[in-house]
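Residue 70 is where the sequence shown starts when you use the numbering used here, and the numbers rise one by one after that.
Hints listed in this document are in silico derivations from the structure and should not be mistaken for laboratory results.
Mixed in with the good hints there might be a few duds.
As the list claims (entries may be wrong) - Derived BS3-like pairs (lysine-lysine); straight-line CA-CA distance at most 27 Å:
#, residue 1, residue 2
1, K156, K300
2, K108, K329
3, K329, K300
4, K300, K313
5, K313, K156
6, K108, K313
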Amino acid sequence: MTYQRLLGLALLLTGIAGCATSSRTAAPAAQHAPIAPGKMVRERWMLFDAARQRTIPVMLYLPARGSSKQQLKPAILSHGYGGRNTKYGFVAQTLVAQGYVVASIQHELPTDAPMPTVGNVRQVRQPFWERDVQNMLFVRQALARKFPGVELNELLLVGHSKGGDSAMLFAEEHPALAARVISLDNCRMPLPRAARPRVLSLRSSDQVADPGVLPTPAEQAEFGTMLVQLKNTVHNDMWDGATKAEKQEMSAAISRFLTK
Numbered sequence: 070m071t072y073q074r075l076l077g078l079a080l081l082l083t084g085i086a087g088c089a090t091s092s093r094t095a096a097p098a099a100q101h102a103p104i105a106p107g108k109m110v111r112e113r114w115m116l117f118d119a120a121r122q123r124t125i126p127v128m129l130y131l132p133a134r135g136s137s138k139q140q141l142k143p144a145i146l147s148h149g150y151g152g153r154n155t156k157y158g159f160v161a162q163t164l165v166a167q168g169y170v171v172a173s174i175q176h177e178l179p180t181d182a183p184m185p186t187v188g189n190v191r192q193v194r195q196p197f198w199e200r201d202v203q204n205m206l207f208v209r210q211a212l213a214r215k216f217p218g219v220e221l222n223e224l225l226l227v228g229h230s231k232g233g234d235s236a237m238l239f240a241e242e243h244p245a246l247a248a249r250v251i252s253l254d255n256c257r258m259p260l261p262r263a264a265r266p267r268v269l270s271l272r273s274s275d276q277v278a279d280p281g282v283l284p285t286p287a288e289q290a291e292f293g294t295m296l297v298q299l300k301n302t303v304h305n306d307m308w309d310g311a312t313k314a315e316k317q318e319m320s321a322a323i324s325r326f327l328t329k
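Given the sequences, and given the hints that come with them, work out the whole structure.
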């Protein structure tokens, strides 16, 4: 067993996924040509929110100089609970290829209290999602200052698991600020039932969302929501620890959504 698989198993055993187990049957992943890594550059960016006295570490991903002449669009990427903002490079690379500058936020700091695992999930975890939303709002404004030409009205939010729940809460509270939202298997916070923002949710092969989180087929048709079932990807592999085929499958779905 590889190190990445062992790590994914450890995350699952510690309850980081936080969703109910499903019994869906696995199927071969779709193929998609990978994006050339030379097209992207990384930059560490340390922000400080004086109002909350909180440090916000960010990893920036943007097109290499001269690799794109398009006006940049902003994207904010949020990791899953217990994860790291530097461990979603394949997602960032997919977004950069679509003309985005990506700010991957480290939401959890070593001094933060752990997220509760007992009680009413929506109630006990809401403050943690709200903290993430405040981080995203702060980073959104910082992106506008750092990249004056960025198309702020094209903001894209992407989040895995708990990060996806936080992105959905942002969309609920600030629907006019986000053009699109992508969830990598969030399970708690309901997806918006609205035409804006447009929503894509990639669903794992081993977890199911809480009742009411996912829109019905009729709601999907009404609001243009896209749900993509990943037949061969488990919840805790939806990061850089995924196999090449799994990352290709997720990247292909994200690219299709962003080019529609």
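Fill in: Restraint status (C-alpha distance of K313 to K156 at most 27 Å)
The hint holds at about 14 Å.
Worksheet item: K156 and K300: Cα distance at most 27 Å?
Response: 22 Å, holds
Worksheet item: Quick one, are K108 and K313 close enough, alpha carbons at most 27 Å?
Response: Between K108 and K313 the Cα gap is close to 19 Å, so the pair holds against 27 Å.
Discussion item. Hinted pair, alpha-carbon criterion (27 Å max): K329, K300. Please report holds or violated.
Written reply: 23 Å, holds
Worksheet item: Does K300 pair with K313 here, judged by a C-alpha cut-off of 27 Å?
Response: Cα-Cα ~15 Å, so holds.
Worksheet item: CA of K108 to CA of K329, is that 27 Å or under?
Response: Within the cut-off at roughly 22 Å; holds.
Violated hints: none; the structure is consistent with every hint.
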